[in-house]
Amino acid sequence: MTDHELEIFERQLRQVKPAPVPECLQARLNQQRPAEQKPVQVLERSRVRVSNFLRLLQWLTPASAAILLTVAVVWRGDQSGRLNSPDAAAPALKADDIKIHQELISSFDAVARLPSGEPVRFRCQTWMDQVAVSDSSRGLFIENRTPRIEVVPIGYETY
Amino acid sequence: MSSGYQDGKFAKTDWDQWLAEHAPKFLLFARQQVRYEADAQDLVQDAVVECWRRQAQNTPPAAGQIFATIRRRAIDFSRREGRRAVREATAAEGIPKEWFDSGIEDQERNSLMQEAMSKLPGIYRDVVTLKVWGELTFAEIASALEIPANTAASRYRYGLEELRKHTKQGFM
Numbered sequence: 001m002t003d004h005e006l007e008i009f010e011r012q013l014r015q016v017k018p019a020p021v022p023e024c025l026q027a028r029l030n031q032q033r034p035a036e037q038k039p040v041q042v043l044e045r046s047r048v049r050v051s052n053f054l055r056l057l058q059w060l061t062p063a064s065a066a067i068l069l070t071v072a073v074v075w076r077g078d079q080s081g082r083l084n085s086p087d088a089a090a091p092a093l094k095a096d097d098i099k100i101h102q103e104l105i106s107s108f109d110a111v112a113r114l115p116s117g118e119p120v121r122f123r124c125q126t127w128m129d130q131v132a133v134s135d136s137s138r139g140l141f142i143e144n145r146t147p148r149i150e151v152v153p154i155g156y157e158t159y
Numbered sequence: 160m161s162s163g164y165q166d167g168k169f170a171k172t173d174w175d176q177w178l179a180e181h182a183p184k185f186l187l188f189a190r191q192q193v194r195y196e197a198d199a200q201d202l203v204q205d206a207v208v209e210c211w212r213r214q215a216q217n218t219p220p221a222a223g224q225i226f227a228t229i230r231r232r233a234i235d236f237s238r239r240e241g242r243r244a245v246r247e248a249t250a251a252e253g254i255p256k257e258w259f260d261s262g263i264e265d266q267e268r269n270s271l272m273q274e275a276m277s278k279l280p281g282i283y284r285d286v287v288t289l290k291v292w293g294e295l296t297f298a299e300i301a302s303a304l305e306i307p308a309n310t311a312a313s314r315y316r317y318g319l320e321e322l323r324k325h326t327k328q329g330f331m
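Those sequence lines, one after another, are chains A and B. Just so you know, we're using the working numbering here: the first sequence kicks off at 1 and counts up by one. Just so you know, we're using the working numbering here: the second sequence kicks off at 160 and counts up by one.
Do not rely on the hints blindly, as some may be mistaken.
[Said to hold, decoys possible] Calculated lysine-lysine pairs in the BS3-like style (CA-CA distance at most 27 Å, straight line):
1) K17(A) / K278(B)
2) K327(B) / K278(B)
3) K17(A) / K327(B)
[Said to hold, decoys possible] The following label-pair restraints were derived from C-beta to C-beta distances:
4) L60(A) / D205(B): 32 to 40 Å
5) P119(A) / S270(B): 43 to 51 Å
6) I154(A) / S237(B): 56 to 64 Å
7) T310(B) / E23(A): 34 to 42 Å
8) G117(A) / Q266(B): 35 to 43 Å
9) E7(A) / R194(B): 13 to 21 Å
10) R194(B) / V111(A): 44 to 52 Å
11) A27(A) / P307(B): 34 to 42 Å
12) P119(A) / A298(B): 23 to 31 Å
[As the list claims (entries may be wrong)] Some residues of chain B that are not near chain A, with every Cβ distance over 10 Å (derived):
13) R232
14) S237
15) S261
16) L279
17) I282
18) Y283
19) V291
20) A298
21) S302
22) N309
Note that these hints are calculated values from the structure, not bench results. Backbone N, C-alpha and C define an ideal beta-carbon position, used for all residues, glycine too.
Using the sequences and the hints given, assemble the complete structure.
Structure, rendered in structure tokens:
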């Protein structure tokens, strides 16, 4: 069989068309049509917003904890002062050192799917926020540790 | 392909068009991989859905990817098939589906072609089907069947020669 004969035969074969898909299969395939997705840019923008919010939260949480702790310490000091010696005004707590520390406990990635079927990767991190307040004049040292879970959706470029 | 894919959307019309263009080729290949029509249809549906879900963007997967998935699924299927009950054999066998479009004029030629194709050893038939009706390149066939491209090319030539011997009445 020469190359020319091969080409002719190939052309003839191509004229024979595969049988059409039966209606039942056609109907099944039509049901499987992938859902329309929003443009990728919109998704990315929303992810950036979420990410920014979580980043802000990362700083707000220990800061608000520190403020609350300071207020609580001051209030308690005030209350105990009143109880112990009602006539004498107790000196207010003067925190001369506040330390805020964040410690990464664990980090792992998880993959989930959007309703449209698109895979999204989430970075899950567990942090331990630690706030330490000390008043050296009164010999006070107060420490508060709060665990925090941070989940940030990140891009899933390749699959 | 339609421009509907460009912005990440895939409209119903695009899907219908894509199916109309490709589904008959997938089904032809699937019918050659398994014994029963129902299994072939399941293979096509599973492969299409699986490959679409694997796509990061909402764009259609390459045909070669779907052929490869059909083949892999068919291999898994044939492993399980030994355990399948005889009921399927009695229920589904004896209803051979036509592999090719049997218009009134070409009915005889097409049934001759189906007979010749079914006589061809599977390794040659796969390559001929993917090249002629799947419109894949030898590189794509090599990837789908997990064989070297040169092997695909030589199997194709041998397959065509064998096919021609069996179809001399219908073709020149």
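Verification of the hints:
For a cut-off of 27 Å, the pair hint linking K17(A) to K278(B) stands: about 19 Å separates their Cα positions. Taking the CA atoms of K327(B) and K278(B), the gap is about 14 Å. The hint holds against a cut of 27 Å. Proximity of K17(A) to K327(B) is assessed by CA-CA distance (about 18 Å); at most 27 Å being required, the pair is judged to hold. One distance hint, 32 to 40 Å for the beta-carbon pair L60(A) and D205(B), is violated here, with the actual separation near 48 Å.
Range check, P119(A) to S270(B): Cβ separation about 45 Å, and the 43 to 51 Å hint holds. About 41 Å separates the C-beta atoms of I154(A) and S237(B), a value inconsistent with the hinted range of 56 to 64 Å. About 38 Å separates the C-beta atoms of T310(B) and E23(A), a value consistent with the hinted range of 34 to 42 Å. For G117(A) paired with Q266(B), a C-beta distance near 42 Å keeps the hint of 35 to 43 Å intact.
With their beta carbons about 34 Å apart, E7(A) and R194(B) fall outside the hinted range of 13 to 21 Å. A C-beta distance of roughly 37 Å is found between R194(B) and V111(A), which places it outside the suggested range of 44 to 52 Å. About 40 Å separates the C-beta atoms of A27(A) and P307(B), a value consistent with the hinted range of 34 to 42 Å. At roughly 28 Å, the beta-carbon separation of P119(A) and A298(B) lies within the given 23 to 31 Å, and the hint holds.
A cut-off of 10 Å between C-beta atoms confirms that R232(B) is not in contact with chain A; the least separation is 15 Å. Remark: the non-interface label on S237(B) is consistent with the geometry, its nearest Cβ contact in chain A lying 20 Å away (cut-off 10 Å). A beta-carbon of chain A is positioned within 10 Å of the beta-carbon of S261(B); the least distance is around 7 Å. With 10 Å as the threshold on Cβ separation, the claim that L279(B) sits away from chain A holds: the shortest Cβ distance comes to roughly 12 Å.
No Cβ of chain A approaches the Cβ of I282(B) within 10 Å, the least distance being about 18 Å, so the stated non-interface status holds. With a cut of 10 Å on Cβ distances, Y283(B) stays outside the contact zone with chain A, its closest approach being about 13 Å. For V291(B), the shortest C-beta to C-beta distance to chain A comes to about 5 Å, within the 10 Å cut-off, and the non-interface label is violated. Once the 10 Å rule is applied to beta carbons, A298(B) is consistent with being away from chain A; the minimum gap is 18 Å.
Every Cβ of chain A is farther than 10 Å from the Cβ of S302(B); the closest lies at roughly 18 Å, confirming the non-interface assignment. Chain A leaves N309(B) outside its interface by the beta-carbon criterion, the shortest separation being 17 Å against a cut-off of 10 Å.
Checked against the numbered hints above, the structure violates hints 4, 6, 9, 10, 15 and 19; every other hint is satisfied.
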